[in-house]
Amino acid sequence: MQVQDLEKIFQDKIDAEIKIEPKDWMPEAYRKTNIRQISQHAHSEVVGMLPEGNWISRAPSLKRKAILIAKVQDEAGHGLYLYSAAETLGSSRDEMIADLLSGKAKYSSIFNYPTLTWADMGAIGWLVDGAAILNQVMLCRTSYGPYARAMVRICKEESFHQRQGFESLLVLSKGTTEQKAMCQDAINRWWWPSLMMFGPKDSESTNSDQSMKWKIKRKTNDELRQQFVDMAAMQVKVLGMTLPDPDLKWNEERKHYDFGEINWEEFWNVVKGNGPCNKQRLAARNKAHDDGAWVREAAMAYQAKKEKKRNAA
Amino acid sequence: MNCTIKKFYYGDIPEDNSGSSNQPASNVSANSWPLWEVFIRSKQGLDHKHVGSLHAADATMAIENARDVYTRRQEGVSIWVVESKHITASNPDEAGELYEPAADKIYRHPTFYDLPDEVGHM
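Which chain is which? The protein sequence lines are A and B, in order.
Residues 1 to 313, numbered by the numbering used here, are exactly what the first sequence covers, in order.
Residues 314 to 435, numbered by the numbering used here, are exactly what the second sequence covers, in order.
The shape of chain A in the complex, shown without the other chains:
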């Protein structure tokens, strides 16, 4: 069969909403885009544990500590679901991890911002996880089967992340003057980076949008970002706080909130490795990987020893 025919069959399947499975024929670019996107997503979950891990030992109560540990464990789990989905496309776990550790592969820039106060745990849950959920809900319907199934599992668990964050901010918002100030400060610092999570504006695209045609993605950056702004603008009122954007205003005609311009220079700077914590995050991952090397080796040696014993018996 000609490649053009295979491509036509492939696109017909996508158009008919039939999922693509690991052993099905797929264009090389589809495979590559999925590997890149799924592994970057996995790396984001793994690196995403670091800013929160910072606060596990400093959580203000046993309850908050238990919640935070559970959330960080979920993120490790989400990373693993995603790595195994990417592996079905022929990328090895070792390669993906090596690319993360060398700085070749990327992860969501949001995790290159520091977590300065306890209120950041709440703001991350509400805003960062809130932004991620919009993307993830859309990805539950992505065209590659293993990715879609991983996202369904992730979405089931992710809602707790956002709710605990909002609830944690809600408690602060009803607290002392200092606690209220801390809550507002965290919102101020996390708002813009959260908006950046959706990526550049649609109008800045010069490429035809292959990801949409292949239904890897189903909504544009601006659609998702608008959805997020509309949601957060309502929810912030419940907290009695404000979002740090003087241009944020309900537009009756559009039935959406208008909002101010994102600082794109900052966005590209952080993507390119010059954010406040890029180096620290990679150093932490590398240290964990190196420090764990003897454990991985010992486990294999133990397995080999047991195998030998079994064969001898």
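These are calculated hints, taken from the structure and not from any lab test.
Because the structure is a prediction, the values reported are computed rather than measured.
Do not rely on the hints blindly, as some may be mistaken.
[Stated by the list, open to error] Here are the simulated lysine-lysine pairs, PhoX-like style, with alpha carbons at most 20 Å apart:
#: 1; chain 1: A; residue 1: LYS19; chain 2: A; residue 2: LYS279
#: 2; chain 1: B; residue 1: LYS418; chain 2: A; residue 2: LYS156
#: 3; chain 1: A; residue 1: LYS13; chain 2: A; residue 2: LYS213
#: 4; chain 1: A; residue 1: LYS23; chain 2: A; residue 2: LYS13
#: 5; chain 1: A; residue 1: LYS156; chain 2: A; residue 2: LYS32
#: 6; chain 1: A; residue 1: LYS23; chain 2: B; residue 2: LYS356
#: 7; chain 1: A; residue 1: LYS104; chain 2: A; residue 2: LYS32
#: 8; chain 1: B; residue 1: LYS398; chain 2: A; residue 2: LYS156
#: 9; chain 1: B; residue 1: LYS356; chain 2: A; residue 2: LYS19
#: 10; chain 1: A; residue 1: LYS32; chain 2: A; residue 2: LYS19
For chain A, the structure is supplied; the task is to place chain B on it using the hints.
Just chain B, lined up with the frame of chain A:
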């Protein structure tokens, strides 16, 4: 700043725009843990269902890892693991021939038979 910005999305940053170091992956270990497929029975009376895969040094560790990765919210009462290399899968390119024999045997379905209403539910 790069002016010909390609569209990318959260979780999909093209390498040419990412300022990546492009160092070759050097520390790939030849001695990495094998891949296991995980099957979970969600409750007594139901089949085990494939839920995903994970890496582990041996079967015991695979079960323990599966517990941590796939049953953090009591999703299972029983776990099977099998090393992925032991699974043989049918080839999707041959799906046509493979399943064709069943396609024209509609008489295998109860709805093929017209019975008088008096027979009642059968």
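We went through each hint and held it up to the structure:
1. This hinted pair does not check out: A/LYS19 and A/LYS279 have alpha carbons roughly 38 Å apart, beyond 20 Å.
2. At roughly 41 Å between alpha-carbon atoms, B/LYS418 and A/LYS156 are farther apart than 20 Å, so this suggested pair is violated.
3. Distance check on the hinted pair: A/LYS13 and A/LYS213 sit about 12 Å apart at the alpha-carbon level, within 20 Å; holds.
4. Taken as a hint, the A/LYS23 and A/LYS13 pair is honoured in the structure, with Cα atoms around 14 Å apart against an allowance of 20 Å.
5. For the given pair, A/LYS156 sits about 27 Å from A/LYS32 by alpha-carbon distance, which is inconsistent with the 20 Å threshold.
6. Distance hint between A/LYS23 and B/LYS356 is unfulfilled; the C-alpha atoms sit about 30 Å from each other, more than 20 Å.
7. Taking the CA atoms of A/LYS104 and A/LYS32, the gap is about 15 Å. The hint holds against a cut of 20 Å.
8. For the proposed pair B/LYS398 and A/LYS156, the alpha carbon gap of about 30 Å is over 20 Å, so the pair is violated.
9. Restraint check: the Cα-Cα separation between B/LYS356 and A/LYS19 comes to about 27 Å, which exceeds 20 Å; the hinted pair is violated.
10. Distance restraint check for A/LYS32 and A/LYS19: the Cα-Cα separation of roughly 17 Å lies within the 20 Å cut-off, and the hinted pair is therefore satisfied.
In this structure, the hints that do not hold are numbers 1, 2, 5, 6, 8 and 9, in rising order.
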